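These protein sequence lines map, in sequence, to chains A and B. In terms of the working numbering, the first sequence opens at residue 1 and continues consecutively. In terms of the working numbering, the second sequence opens at residue 340 and continues consecutively.
By construction, these hints were calculated from the structure, which means they are not laboratory data. Keep in mind it's a predicted model, so treat the numbers as computed, not measured. Mixed in with the good hints, there may be bad ones.
Listed next, the stretches of chain B that the computed footprint assigns to chain A, with coverage defined by at least 3 CB atoms under 8 Å from CB atoms of chain A [to be verified]:
id, stretch
1, 394 to 402
2, 464 to 475
3, 489 to 501
4, 599 to 612
Ideal Cβ positions, reconstructed from N, Cα and C, are used throughout, including at glycine.
There are 2 protein chains.
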Amino acid sequence: MGSSNEDAKLAADVLLSADLRGVDSHGVARLGGYVRLWEKGRLNATPNIKVVHETPSTAVIDADLGAGLVVAPKAMKIAMEKAKNVGTGWVAVKNSNHYGIAGYHSMLALEEDMIGWSMTNASPLVSPTFSKSKFLGTNPISVSIPADKQPPVVIDMATTPVANGKLEVLQRKGEDIPLGWAQDENGNPSTDAAILKKGGAMLPLGSDRVHGSHKGYCLGGLVDILSAVLPGANYGPWVPPFVSYVPVPENPVGDGIGHFLGAMRVDAFRPADEFKEHMDNWITTFKNAVPSEGHDQVFVPGDPERELTAKRLKEGIDLLPPVIEDLKKIGESLGVDFE
Amino acid sequence: MGSSNEDAKLAADVLLSADLRGVDSHGVARLGGYVRLWEKGRLNATPNIKVVHETPSTAVIDADLGAGLVVAPKAMKIAMEKAKNVGTGWVAVKNSNHYGIAGYHSMLALEEDMIGWSMTNASPLVSPTFSKSKFLGTNPISVSIPADKQPPVVIDMATTPVANGKLEVLQRKGEDIPLGWAQDENGNPSTDAAILKKGGAMLPLGSDRVHGSHKGYCLGGLVDILSAVLPGANYGPWVPPFVSYVPVPENPVGDGIGHFLGAMRVDAFRPADEFKEHMDNWITTFKNAVPSEGHDQVFVPGDPERELTAKRLKEGIDLLPPVIEDLKKIGESLGVDFE
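Next up, chain A with everything else stripped away, as it sits in the complex (with noise of 0.2 Å):
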């Protein structure tokens, strides 16, 4: 596509990062998107990312309509670097595309003895509560937190129930969704794994009022202010979507896409090797809770993917034969061979 080798190398990790962890449909099975994004002229592989606006702790980066998986880490180490000068960093990206997982981009501060922050808006495809409107994606958040003897505690979360690729995943299996992941076209509870299809939406966290969905809605709508408000990108119902084949809004409010990144230098609150100390502690208790009837385990965040990256990396990666196919016809349409 024109990317320079450090560019693509770095979007190339950031696929793999997600397969190993296992959020399969973030990794290399959407390059595909990102290539049909470019041939639309919805993504620059030659983008020109430029500091806009700036202060000690933040800075505002337009990203030139580069591929959200280069231009995050960008901003990260932009964010880490403010972070070493006056204790935190808080760069907010607009023009920008999907960056991918958003724990790849919080986990880069870890090797900096930093807390780190991600997080991005998405195509909308969740309701407010109350609403029939489609008005947010499933706005990740992540937060990583740096520990001594024991892994990281890494936080991975979309602000809804489940992430968009559970229902896709039930629909080709033919089977329903659990009440509490989405509604049909009038706002009404559905058990239809292909409801979004139909008119219909995904819930925030909580899934009913209830529940506290409203509490998702919140968070849900700080990601979409924080990643989009705040440097200018698209919000709401403007942003505009991953798939290439679905125009892009019309009356835009800001420029593409917008991401949310932070660093926290640990030290800036506590001599580091403390916080480490009582990271662990936090940590091994946070494991040796007891576990409900019926459980044999509790986790601490960050510890389902790590535990399915030491088997992939052991293992390998299944790719399910749509994907191995997309590949070879990207590779063949850009002159890339597959083997």
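For chain A, the structure is supplied; the task is to place chain B on it using the hints.
Positioned in the frame of chain A, the structure of chain B alone reads:
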């Protein structure tokens, strides 16, 4: 209790703002709790609040066992000063006590066109997903975001489906709670409103694994880590309880309970006028989302509390007879006339 007039007024303001906003459980009804902690020597009415560590964008405060009601607004002011200087300010507080409603503190930032953040850990009542150990409080997150002509977005949410007060209300009425709010002592779902007294626990936002309770657990854990591991307060099962008759856990891992407060200058990212205009557009867009069948209005975070405040400022605030009795008793014991 010997507090300065200034501190007493500030604490009263925080409690009253809870009553006005409809969070009755955190209003003047709770005054007795603070007094009883003070009687036990677990709350210092004349604290020497000190910054013990800082960088240009961060600080850690030792609250000297002061009431969080008084400590948190002061910590927020320090965060705002830092934001004025370098764009953002982040203050973690240790050795504190219950700070009332999270939203009071985050809203302080609005006066200066800043985005305010406020979190606190709290007495452990909530179990991690798959566990029956009570290791987390209802650990709230509040973020306040200024707008122009529209009222601000004010997020103020426990990281559980409901606050503990909702269980107490249904318990007094002799009614069941919905499935998804709490579990019994074995970690099985329960509809018993008194289940916490029988060894049960509250559930994280999401209610169960299928509906994303691991995400609520992530959020509660994040609040615990930022509020307590970062400044050196007690975390997880070591958080000292608010109720004075429950003893403080042995072998504390830090000092008191902890808070985390933040301020981000909007114009550290983009001109404030521009941001606030787009916030007006965000707010009116979401307010005008199409309601689901059976609903006639979609809310923006902060709307319900604002409506209730307007009503209560006009009609007054109903206090339950036991609350009035408790206030009278406190007044008698401290030589303050109730009228």
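Each hint tested on the structure:
1. With a threshold of 8 Å between beta carbons, the proposed coverage of the stretch 394 to 402 of chain B by chain A holds, since 5 of its residues qualify and at least three are required.
2. With 8 residues having a beta carbon nearer than 8 Å to a beta carbon of chain A, the stretch 464 to 475 of chain B meets the requirement of three or more and the stated coverage holds.
3. Counting residues of the stretch 489 to 501 of chain B whose beta-carbon sits less than 8 Å from any beta-carbon of chain A gives 8, enough to reach three: the coverage restraint holds.
4. Restraint check on the stretch 599 to 612 of chain B versus chain A: 6 residues with Cβ-Cβ distances below 8 Å, three needed, restraint holds.
When held up to the earlier numbered hints, the structure conflicts with none and fits them all.
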